[in-house]
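Peer 1: In case you want the letters, here they are:
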Amino acid sequence: MSGGGLTTERPMGIETEFGVLHVDLEERTRAGAGSAILLSHLTVAAYALLAPAEGERGRRVRWDYGDESPLRDARGFELQRAAAHPTQLTDEVKDAHLPSVELDGPVRGSDVAPEGTDDEVLAWAVHRSIGNSVLRSGARWYVDHAHPEYSAPEVLRAREAVVADRAGELVAREAMAIVERAEGIPDVALYKNNTDGKGASYGTHENYLLDRSVPFEDVVAVLLPFLTTRQVLVGAGRVGRGARGSEPGFQISSRADFMEAEVGLETTLNRPIVNTRDEPHADASRFRRLHVIIGDANLLEESTFLKLGTTSLVLAALEAQHRTGAEILPELRLADPVAAVRAISHDPSLRTTVELADGRSLTALQIQREILDAVAAVADRTDAETDQVLTSWGELLDLLAEDPMLAADRVEWVAKLRLLEQYRRRHGDLDWADPRLLAIDLQFSDLRPGRGLFGKLRAAGQVRTLVTEEEVAEAVTTPPASTRAHLRGQLITHHPGAVPSAGWDVITLAGEEEGHRLRLADPRQGSAAWCEQHGVDPVADLDTLLTALHRAVGDR
Amino acid sequence: MSQQSINAPRPGDDEENASDAVTGGQTFASAQGADDLLDEIDAVLEENAETFVRSFVQKGGE
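Protein sequence lines correspond, in order, to chains A and B.
For what it's worth, the working numbering labels the leading residue of the first sequence as 1, then goes sequentially.
For what it's worth, the working numbering labels the leading residue of the second sequence as 1, then goes sequentially.
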């Protein structure tokens, strides 16, 4: 196969659950994890209801889980007339059949926050269990179990994903700042990490839209060796080994010790390397959503970039293999993937080999190199991002093979390890069980300005950056142009009173006389280019907009 | 494994990026930078690391 022309482009996105703590030590010690849900609600409500950037105080756009009925239109785009009155449209929102729903209780009384001071609004929000909102960026900002979660808007490229992911850090910061300013409300600290080191883990999930026709067993066969070994490039590092950190030492991935199965549906127990959850939030006859739960929360931009970029390329190779029948990806069946995830994570020297079913023993770097070579052979290197991903992938494999410390400015676990080693040396070769090293690990991901140690590394120029602070700040309130997040975010921004709710594949528009539910079953529909092509101007007045949308679906 | 990128950082564990740390003076400067950073970390690290670590308790998520 030659000139396959594969690129990183595909609908994808990242969801981040933040660690959440009382700032006050006494309250923290007294409450333990018992106040996690309260703090999560405060955090989510603070930004959703009180951030000036999100528009009118006290109002939010509710989350819509969407319909389960298949679209009637095979093009995957339709506009349905909905109930007449905006309040009914709000009630129609199906908030009631998915796991996190109980946290956004049924509507009793007004859904609009009362007039009042910040603390009054927050008290109302906690009482009402306000736990869901859609932001101007097209992101979902909500309470998932006992963590605030930022589901970044859908994007098509790895670099866009980095920008959208970093914007989530700014949302978290603003939420903390609003809570801090409110009188009589306990201050909150948020951490972009994945474990408390005491047995609890929370996720940073990636989502990739994938051709439905690729047999899932092929997806599993390709992803098991890839996901098991990619941690050497994109792991965030962790102090402590074992889910409860019972064994002292440093390891490469913060999630490795929580992976217990090869394949499965669960995410909270018996976590699998390949997750089978498949709600595509798109036309299920054409697409599958691949939900990747093994990844670490990353602060280093190149790590996020590579995580999304390499995974998207591997999936593209898999799709091409299925489409053409050509052998593209190497056969790399691991003898025991779950054991391999841990063995690799527990060896920062990267010399550990894992056994393959064919009898070979390879290091994680060797497995990644085989996958990279196979993908590079069919990739479109004239595509700038694809070339950048492949170049960075290869450079980092070389550096890590020579001496992992050479990659300390580009690989997150190495950046963390270098800092820990410097600190250990300064304080007389500290033992890995020393609480100061555990504290450094936790504080590495503290998102408060001036507190987070990763932030200090970045400020000191010790880690590379990929995107500018300006574009990250802009992405807090501006949706990506490349997907339906554009239309969602622009409508929320320009018609704040007319969008009572939205979800990944549905937007409700409430007019004076009648409402509409717009369904977008292909994430590329609703992009800035799509809108322009269909004469849909999200800034136009509502009537003009609805006429244009009707024309776009061929209704009128 | 032979190709070394022109952008690759150089050996050593304390320079900011490949363009620095060419001369001894600059290496010294960035080692100084690492020291400053460690000072800053000492200043910002939770006062009682043991209590902090013990009190960092989360519920599982996802």
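Derived by calculation from the structure, the hints in this document are not laboratory data.
Quick caveat: nothing in here was measured; it's all calculated off a predicted structure.
Don't take every hint at face value.
[Claimed, not checked] Computed spacing ranges between beta-carbons, pair by pair:
1) B:Asp35 - A:Pro449: 19 to 29 Å
2) A:Ala284 - B:Asp36: 23 to 33 Å
3) A:Gly199 - B:Glu47: 22 to 32 Å
4) B:Glu47 - A:Arg277: 39 to 49 Å
5) B:Asp36 - A:Gly325: 50 to 60 Å
6) B:Asp35 - A:Gln533: 23 to 33 Å
7) A:Val23 - B:Asp36: 44 to 54 Å
8) B:Asp36 - A:Glu217: 50 to 60 Å
9) B:Asp36 - A:Glu331: 32 to 42 Å
10) A:Ala548 - B:Glu47: 56 to 66 Å
11) B:Asp35 - A:Gly116: 46 to 56 Å
12) B:Asp35 - A:Glu247: 49 to 59 Å
13) B:Asp36 - A:Leu265: 45 to 55 Å
14) A:Gly242 - B:Glu47: 24 to 34 Å
Here a beta-carbon is modelled for each residue, glycine too, at the ideal position from N, C-alpha and C.
Peer 1: Each of the hints needs a verdict: does it hold here or not?
Peer 2: Hints, one by one, checked against the model:
| no. | hint | verdict |
| --- | --- | --- |
| 1 | B:Asp35 - A:Pro449: 19 to 29 Å | holds, 23 Å |
| 2 | A:Ala284 - B:Asp36: 23 to 33 Å | violated, 55 Å |
| 3 | A:Gly199 - B:Glu47: 22 to 32 Å | holds, 26 Å |
| 4 | B:Glu47 - A:Arg277: 39 to 49 Å | holds, 42 Å |
| 5 | B:Asp36 - A:Gly325: 50 to 60 Å | holds, 58 Å |
| 6 | B:Asp35 - A:Gln533: 23 to 33 Å | violated, 57 Å |
| 7 | A:Val23 - B:Asp36: 44 to 54 Å | violated, 26 Å |
| 8 | B:Asp36 - A:Glu217: 50 to 60 Å | holds, 54 Å |
| 9 | B:Asp36 - A:Glu331: 32 to 42 Å | violated, 50 Å |
| 10 | A:Ala548 - B:Glu47: 56 to 66 Å | holds, 60 Å |
| 11 | B:Asp35 - A:Gly116: 46 to 56 Å | holds, 50 Å |
| 12 | B:Asp35 - A:Glu247: 49 to 59 Å | violated, 31 Å |
| 13 | B:Asp36 - A:Leu265: 45 to 55 Å | holds, 49 Å |
| 14 | A:Gly242 - B:Glu47: 24 to 34 Å | holds, 27 Å |
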